[in-house]
Structure formats: C-alpha cells, structure tokens
Amino acid sequence: MNWLSKLTPPGVSRMFDKRDTPENLWMKCPVSGEMVFHKDLEAALHVTPAGHHVRINPETRLRYTFDATWEEIALPEVAKDPLKFRDDKPYSSRLAAARKKTGREDAMVISVGRIQGIETTVLVQDFSFMGGSLGMAAGESFLKAAETAVERRTPLVVFTAAGGARMQEGCLSLMQMPRTTIGVEMMREAKLPYIVVLTDPTTGGVTASYAMLGDVHLAEPGALIGFAGQRVIEQTIREKLPEGFQRAEYLLEKGMVDRVVHRRDLPKVLGNVLRTLMKRPAASANVPAPAA
Amino acid sequence: MSNPTRTYLDFERPIAELDAKIEELQSVSERNGEDAPDVADEVAKLRQKSATQLKNLYAKLDPWQKTMVARHPERPHLKDFLAGLITDFEELSGDRRFSEDHAIVGGLGRFRGRAVVVMGHEKGHDTQTRLKHNFGMARPEGYRKAARLMDLADKFGLPVLTFVDTAGAYPGVGAEERGQSEAIARSTERCLTLGTPIISVITGEGGSGGAVALASANTVMMLEHSIYSVISPEGCASILWRDGAKARDAAIAMKITAQDLIGLKIIDKIIPEPVGGAHRDRDATIKAVGDAMEENLSSLEGLDPATLRRKRRERFLAIGRSLMEPAA
Chain A
1 MNWLSKLTPP GVSRMFDKRD TPENLWMKCP VSGEMVFHKD LEAALHVTPA GHHVRINPET
61 RLRYTFDATW EEIALPEVAK DPLKFRDDKP YSSRLAAARK KTGREDAMVI SVGRIQGIET
121 TVLVQDFSFM GGSLGMAAGE SFLKAAETAV ERRTPLVVFT AAGGARMQEG CLSLMQMPRT
181 TIGVEMMREA KLPYIVVLTD PTTGGVTASY AMLGDVHLAE PGALIGFAGQ RVIEQTIREK
241 LPEGFQRAEY LLEKGMVDRV VHRRDLPKVL GNVLRTLMKR PAASANVPAP AA
Chain B
1 MSNPTRTYLD FERPIAELDA KIEELQSVSE RNGEDAPDVA DEVAKLRQKS ATQLKNLYAK
61 LDPWQKTMVA RHPERPHLKD FLAGLITDFE ELSGDRRFSE DHAIVGGLGR FRGRAVVVMG
121 HEKGHDTQTR LKHNFGMARP EGYRKAARLM DLADKFGLPV LTFVDTAGAY PGVGAEERGQ
181 SEAIARSTER CLTLGTPIIS VITGEGGSGG AVALASANTV MMLEHSIYSV ISPEGCASIL
241 WRDGAKARDA AIAMKITAQD LIGLKIIDKI IPEPVGGAHR DRDATIKAVG DAMEENLSSL
301 EGLDPATLRR KRRERFLAIG RSLMEPAA
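Chain order of the listed sequences is A and B.
Take the first sequence: its position 220, counting from 1, is numbered 220 in full-length UniProt numbering, and each next residue is one higher.
Take the second sequence: its position 57, counting from 1, is numbered 57 in full-length UniProt numbering, and each next residue is one higher.
You may find that some hints are simply not true.
To be clear about the criterion: a stretch of chain B counts as covered by chain A if any three or more of its residues have a C-beta under 8 Å from a C-beta of chain A, and this derived list gives those stretches [claimed, not checked]:
1. 16-25
2. 103-115
3. 163-173
4. 232-242
5. 261-267
6. 294-308
7. 311-317
Once the Cα atoms are required to be at most 20 Å apart in a straight line, the calculated EDC-like pairs of lysine to aspartate or glutamate come out as [unchecked claim]:
8. B:K287 to B:D80
9. B:K311 to A:E77
10. B:K265 to A:D81
11. A:K84 to B:D260
12. A:K89 to B:D243
13. A:K191 to A:E147
14. B:K246 to A:E185
15. A:K89 to B:E177
16. A:K80 to B:E177
17. A:K254 to B:E177
18. A:K240 to B:E314
19. A:K89 to B:E234
20. A:K144 to B:E314
21. B:K311 to A:E147
22. B:K311 to A:E185
23. A:K84 to B:E325
24. A:K84 to B:D249
25. B:K246 to A:D87
26. A:K84 to B:D62
27. B:K265 to A:E77
28. A:K80 to B:E325
Some residues of chain A that are not near chain B, with every Cβ distance over 12 Å (derived) [said to hold, decoys possible]:
29. K28
30. A44
31. A98
32. R99
33. V184
34. P221
35. V261
36. N272
Simulated from the structure, these hints should not be mistaken for lab results.
For each residue, glycine too, the CB sits at the ideal point set by N, CA and C.
All chains, full assembly: derive it from the sequences and hints.
Written as structure tokens, this is what we have:
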C-alpha cells in the first residue's frame, strides 16, 4: 500500500483500481506503456509490440513449443507437508489455493511431444503456482522428466520459471538442488541433450542448480535471471543496481547463456540444436552438395 | 581444555550473571590475600549452580536460540578444525579463472594418517579476518576453487572432507556477473560425481545453496547446535511474515535444527557438543568432529568410485521419498 491508498477511503480507491476495461481485455505493456488488446497479444505469442515477453501458462507454452499434440505425464506423488508448516496461513491451504487456481497438482508440467519433428521430453515450470517454487513435487517432477527422457531416448528441454526454493518445505526444498542435479547427471550419462530455456523470472535455488547445468542455455528476452534477489543485493551493497542487471541480455553478455531468443523463434532454434546434437538430418533444404 | 566464554548470548543472561558473581568473589578474595573471607564454599556453590543452569538451558534450546549458538563468534571455525585435525596442511588457492576467494579455504593434508583434500567456509574471528574471509560468504571463485580441489581429489584418489559454516553465498553485483548460480551448481555437481568418499560436517550455519555446494556428500553430519536451512530465519520471516522480527517463528517453522533434520532423514548423524555449546570447549568439539569423520571415512574406504557415486545418489534420492506414507 502506498501513501495514497492509505489516505483514500476504500470505496474511492476501489473505483480507481477497477480497470475500466471489462475482464482485462487490455494489457498495459510494461516496456512501452502501450495498451495491447488481448486478441492481438495472443496472436503475437504474448509478446507486446515493444517486445515484452509476457509470462504464459504451461499449456500455452507447450502449444507454442510442440509441433502438434503432446502427451502429458502425471506428476509423481510426494510426502504431504511433512513440516506442518504455517506462517499466516498453513502451507496446506496455500497449496490447496494454488491447486484450485491452476488446476494442477504443483508447479511443473511434464510432457512428451515433437519439436520440429524431434521427439522431446519437455518440462515446464509454472510461475503462477506458488511462484514456481522448487519443492519436493517440482524436484521429483524434474527427476521423472529426466527418467522419461532416458527411457524414451529423447532430449530434455526445461523451461524454468521460479522465485527459488519453496520455503514452506524447509530443508526438504533445499535438498532438491542436489536431487535435480542427479537428474541432470542421468541425462549426461545417457548422452542425451539437456537444454534449458530460462524464462521470466528464474532465480534462487533453481538458477543455482538445474537451470545453470544445461548443455545449451537459451533465454527469453528481458527475462530476470539470477541467484540473489535484487532487493537483497541492494541492501547488501547499498547502491543502485546497474541498468539491465540480471536480465537475459546481461547474462548473454556475461557469458552465462548461449542465446537470447525471441519466443517466435524458439521452436526453430530448439529444433536445430536438438537435431544437430541428436545427429538427425538437417531441416534446411539447401544442404550443400558434397564435393564431387 | 575449556575456554572461558567472553560473549554471552541474550538467553544466557542468568549464566552470565552467575559467572560475573563468581569472578567478583574470586577477585575480592585475591585482592585481600590472607585476610580475605573464605569464599571457596560460596564459589563452589555458585559454580555448581551455573553448571546446572547451563546444562538445563542447553538441553532445551529452541531453534532460534540454536541459530544464535550456531553463529556464536567463539564457535570453532574452519581454521580451528584444520589446526586440530589436519597435519601437514598445505593451503591451495585460486580458481584459475578469475581470483582467489578466502571465504572458502581448502588444500591438502593428512587426517589421522590419511592423505585427504579438505575444505570449508571460513568466517573469520575478528574484524580484519572477517573482512578477509567475507564473513564466510563465498563468491563464484570460492565454489570454483572447491570444484577444482575436488577434481584434484578425484584425480589422485583422495577422500574429501568439508566443513560447512556459511550464512549463504554472497549476494553482490560482481558475484552475479561472474555466475554465482553456475558456480554453486557446478560445485554441487562436482560433489555428486566425485569418485572418492566425501564427508561433510555442518559446524555452524548451513546456509542454503552456498552450503549445499560443499555438502552434497556421502555422509552429512551436523554438530548438535548447528542449523541447516533453505533461507535464513530472518529472510524467511521477511518474505512469508513480511516482518524480519518474526525470525524466531520462521526458525521454528522451517525445521532447521540437527534434531529436526535427522528426523526428516536429511542428515546422517548428530555430533554431540560439550555442555553449553561448542564455543565452551572447542578442543572437545574438534575431537568429536574428527572421531565422527574418521568413523564414517573408514566405512567408505575401499569402495570403488562407481559404488561411492551410486551410494551418494541413492542417499539424496531417498530424501523426501522416505517420508511418504506407505500406500494403503
């Protein structure tokens, strides 16, 4: 709450808060401030004309990624709230609310489908489910995705999005850092590609484990990617952070990601990378003829 | 030998008052020499009382009090463990990429006759050394040095001993710029792929990813009053309770104590501390840590690299799964 909302009577602030656009048909682009109509946004893969990549749900992500349909794999079951954690609210009720909101069990979706013809296991992290946080369910899902990829001899592509570890699971969430790393090792031993696509935002324990261990790191433009939160860093160093700090383009410049790729081009880039690493025929028709 | 404590924690005030009284009586008695009233009885009684209170107090520390003990400035630090347990220590420095990071100290040495690679976080013990070691908060170079030393251990078939004591990895612009996340992830990965035994002891604070990077080991032990946590109680409180002052609540809720974590099967063993905490008898603490490490190392020696890796992997995969209620 800012000082203005503290001063204004609730009725008045509600009047201002309420969008005069019914059902949020318009979205304000955080880059340009331009109002974008939802139909236009959908047609542009949820990228605003100014290039801002809007966060998307896992279904949309999979639709944008796979050639056609895909198979979804059930999330593994995990122990239920072993800490009996509660802050203002019990963790169990926060979890129930997130499940109701998203219609999913936890912050991961495991799927298998084709990307530019290559059968691929794809794991999508859902930021709208408790900030995509890495707890036991997400950790087990990562392992399940790696196991699926190894069994079916497919590459694994992971779209990361998370604030970090799920604090409500205490040290059990922290243990998902080494546990997911074991999943990465399974891919390595099977000599199958493990590709990370970093999306907005990817921070904390997720970045400091599987998100930074890919064979190839792609990132969506403008995505926030880092270890420590910006507020924590500012409090530690007591100065303003540099422009563009922890954004995808900054990580590219610092050598931490291979490419920053527009959402529109992701399937093509992923397809090319996977085809090459899997030694499949090239997509390009103009293959130079071998020298006679 | 026990060390007289110079720093009392808030919850130790009754002990501090008793100890002050004892000291006062003794100094009066010394000053007055022959003519002094005989205080021996009184001192003995007070000593007894102080000892009993200390024992009772430390038998039921809450998670927040344990956090204070785990952070106690006089708690044995890496340099004390190295001095007490490692002979012929040769420090090795630098990540060969960018720089040296004193927050993690490591090298070669002998542990009770065995050639080992040893490393850990060093917080420092006074202003100058705390600054030098950055309060035990490593930058990417620290984790890259750790991974480099593990490479060395793998190549020469040496077991790795790690001592974990950090509030967490350093949150700074330079650290982010040089890939803090990647460095932590690689160090964790290096622990997991190591073909020799790796044994970790959390001696004070096991702070988040910065701790995991050195603690993804075959055996993970904790000193009795140490903590191991995904985020500091203060950090958790400020995020979930929106009030950093609720750190005690957060410490309780997150289950960060050795006693909680053995119940959750996250750690393998609790190493008991002397009455009143490790800082009251550093030598005894160091010896207990050494004994526990030796015992575990003996049980892992002779295993081939593949078995060691498999056991380590199984250890971590079992975490959480072992808490599932058996299917009906």
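Against the structure, the hints come out as follows:
1. 16-25: violated (count 0)
2. 103-115: Contact hint for the segment 103-115 of chain B vs chain A: violated, 0 residues under 8 Å.
3. 163-173: Result for this restraint: holds, n = 5.
4. 232-242: Our answer is that it holds, as 5 residues pass the Cβ test (under 8 Å) against chain A, meeting three.
5. 261-267: Since 3 is at least three, the answer is holds.
6. 294-308: Result for this restraint: violated, n = 0.
7. 311-317: holds (count 3)
8. B:K287 to B:D80: 11 Å, holds
9. B:K311 to A:E77: The hint is violated at about 23 Å.
10. B:K265 to A:D81: 15 Å, holds
11. A:K84 to B:D260: At roughly 13 Å apart (the allowed maximum being 20 Å), D260 of chain B and K84 of chain A satisfy the hint.
12. A:K89 to B:D243: Within the cut-off at roughly 15 Å; holds.
13. A:K191 to A:E147: 13 Å, holds
14. B:K246 to A:E185: 39 Å, violated
15. A:K89 to B:E177: Status violated; Cα separation ~37 Å.
16. A:K80 to B:E177: At roughly 38 Å apart (the allowed maximum being 20 Å), E177 of chain B and K80 of chain A break the hint.
17. A:K254 to B:E177: 6 Å, holds
18. A:K240 to B:E314: Status violated; Cα separation ~44 Å.
19. A:K89 to B:E234: 18 Å, holds
20. A:K144 to B:E314: This hinted pair holds, its Cα atoms lying about 15 Å apart.
21. B:K311 to A:E147: 18 Å, holds
22. B:K311 to A:E185: 14 Å, holds
23. A:K84 to B:E325: Holds. K84 of chain A to E325 of chain B sits at ~15 Å (cutoff 20 Å).
24. A:K84 to B:D249: With Cα atoms ~13 Å apart, K84 of chain A and D249 of chain B stay inside 20 Å; holds.
25. B:K246 to A:D87: 10 Å, holds
26. A:K84 to B:D62: Holds. K84 of chain A to D62 of chain B sits at ~17 Å (cutoff 20 Å).
27. B:K265 to A:E77: It holds: about 18 Å lies between the C-alpha atoms, which stays within 20 Å.
28. A:K80 to B:E325: This hinted pair holds, its Cα atoms lying about 9 Å apart.
29. K28: Check passes; 26 Å lies beyond 12 Å.
30. A44: 31 Å, holds
31. A98: Holds, since 15 Å exceeds 12 Å.
32. R99: 19 Å, holds
33. V184: Violated: least Cβ distance 7 Å, not greater than 12 Å.
34. P221: 19 Å, holds
35. V261: 19 Å, holds
36. N272: Holds, since 24 Å exceeds 12 Å.
Checked against the numbered hints given earlier, this structure breaks hints 1, 2, 6, 9, 14, 15, 16, 18, 33; the rest are met.
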